[in-house]
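Participant: Sequence:
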Amino acid sequence: MNRQNGSTQPSRREFLQQTSGVLAGAALATAINTRAHAGENNTIQVALVGCGGRGTGAAVNALSTQGPTKLVAVADVFPDRMQASLASLKAQFADKVDVPQDRQFLGMDAYKKAIDYIGPGSVVLLTTPPAFRPLHVEYAVAKGVNIFMEKAFAVDAPGIRRVLKAGKEAEKKNLKIAGGLMSRHSKPLEEAVDQLHKGLIGNLITCWAYREHGVVPFSNQRPGESELAHQIRNYHCFTWANGSFILDWLIHNLDVCCWCKDAWPVSAQGQGGRQTRVNPDQLFDHYAVEYHFPDGTRLFAQGRHIDNCWGFFGDIIHGTTGSAVLGEGQPNPRIFKGYNQTPENVIWQYKGKATDQYQVEHDLLFDAIRKNKPYNETDRSCKAAMVGILGRMAAESGQMITWDEAMASNLNLTPGIDNWTLDTPAPVTPDDKGNYPVAMPGTTKVL
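Each residue of the sequence shown is one higher than the one before, counting from 1 in the numbering used here.
Please note that the accuracy of each hint is not assured.
List of simulated lysine to any residue pairs, SDA-like, C-alpha gap at most 25 Å [said to hold, decoys possible]:
(1) Lys-168 x Asp-418
(2) Lys-112 x Lys-172
(3) Lys-433 x Arg-274
(4) Lys-113 x Asn-203
(5) Lys-143 x Pro-100
(6) Lys-112 x Lys-433
(7) Lys-383 x Glu-290
(8) Lys-383 x Thr-414
Simulated from the structure, these hints should not be mistaken for laboratory data.
With the hints as extra help, turn the sequences into a complete structure.
Facilitator: What follows is the structure in structure tokens.
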């Protein structure tokens, strides 16, 4: 019963009136969940909320899944980004993009209009800056819409708790939620982690997570643009918007290491700062955090975005009898006897074909919707994000922070975000020299 121009969908009340018999809660949720793709052509309607590069990429993946799909609504706060995204998508999927001007929603409340349009059983791609994820997830669940949510899912503990609560409500409604931790759907990594879990190198004793690359750009405020809009455009550079470098970008590495350990850390301590960064934003240009697992083993996470330095994006795992190299920006994980990671010491290496992990995470979501299979990655996604938040809290404060302390924190980086407009005062403001406040270890309070 896909909504087409000039036609309408039955309301929830009408749908229930047309349903014979008395349906139990789970069965009712199942029936509602099939509405948006139960028509003759079985098309799943899609809305995109957040039209930046990652959002456009997610839409490409959604429209490339098996079975008919159609993008029917988009939402953003910036018309230029929306139009660039639509132009790119129309060029690739001319027959799968049907978004006339009246379904191109602009503004802070645009997500509501896009979700309201597609209705129950459809899919919304939530790809705005992470600060907005909790309220968007909540609204989509309330409206009975399936979700792809890009990392980092939230920027603080209150946001994480909101998403976790919404995820539980989604289970009750038989909704499907995918989280954008694509490494979990990399076939090479899946097989490598399976070997580690089977004990190929004994008990895992130490993990290292690395994301070392060049500088993160910062753009000047555009004429006539509000302070809040300026910060949203530069969201990678503001803690309230992206949760920090260690959360928004290192989250994949942290998640892979915790996956290997099959555990989440219980505490962390670390450091970070601005060694070379001259932009007036809040971004640390380096982090180094030590995480402690329940069994006493440790994960060391290191992130840096400074030009002309050693670069590496991957993870190193040590077990009692050997080691593993994961990631490296390529699908080529290798496991070694001992700790000298040389070709002659390789005892396992992925031999299969490379997989597009970005595509797989959407394939699994849409397959679960079409076949009505349970699919909810909320809990694991939020825990992975919490590892990054815990690390940021430890590094910015200079304190040892426990997982329980971090999870219980009421530090809200975005007070009142549900009611923001682009003219709302931004969460942080520059001083008279144009510089924004930066966390200072030993002084900054995070609990």
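Participant: Evaluate each hint against the coordinates.
Facilitator: Hint check results:
At roughly 20 Å between alpha-carbon atoms, Lys-168 and Asp-418 fall within 25 Å of each other, so this suggested pair holds. Note on Lys-112 and Lys-172: the hinted pairing holds, with a Cα-Cα distance of about 22 Å set against a maximum of 25 Å. Distance restraint check for Lys-433 and Arg-274: the Cα-Cα separation of roughly 18 Å lies within the 25 Å cut-off, and the hinted pair is therefore satisfied. The straight-line distance between the Cα atoms of Lys-113 and Asn-203 is roughly 51 Å, outside the 25 Å bound, and the hint therefore fails.
Of the pairs offered as hints, the one joining Lys-143 and Pro-100 holds, with about 23 Å between alpha carbons and a cut-off of 25 Å not exceeded. Distance hint between Lys-112 and Lys-433 is unfulfilled; the C-alpha atoms sit about 38 Å from each other, more than 25 Å. Annotation: proposed proximity of Lys-383 to Glu-290 holds, straight-line Cα distance about 17 Å (limit 25 Å). Restraint check for Lys-383 and Thr-414: satisfied, since their Cα atoms lie roughly 20 Å apart, inside the 25 Å limit.
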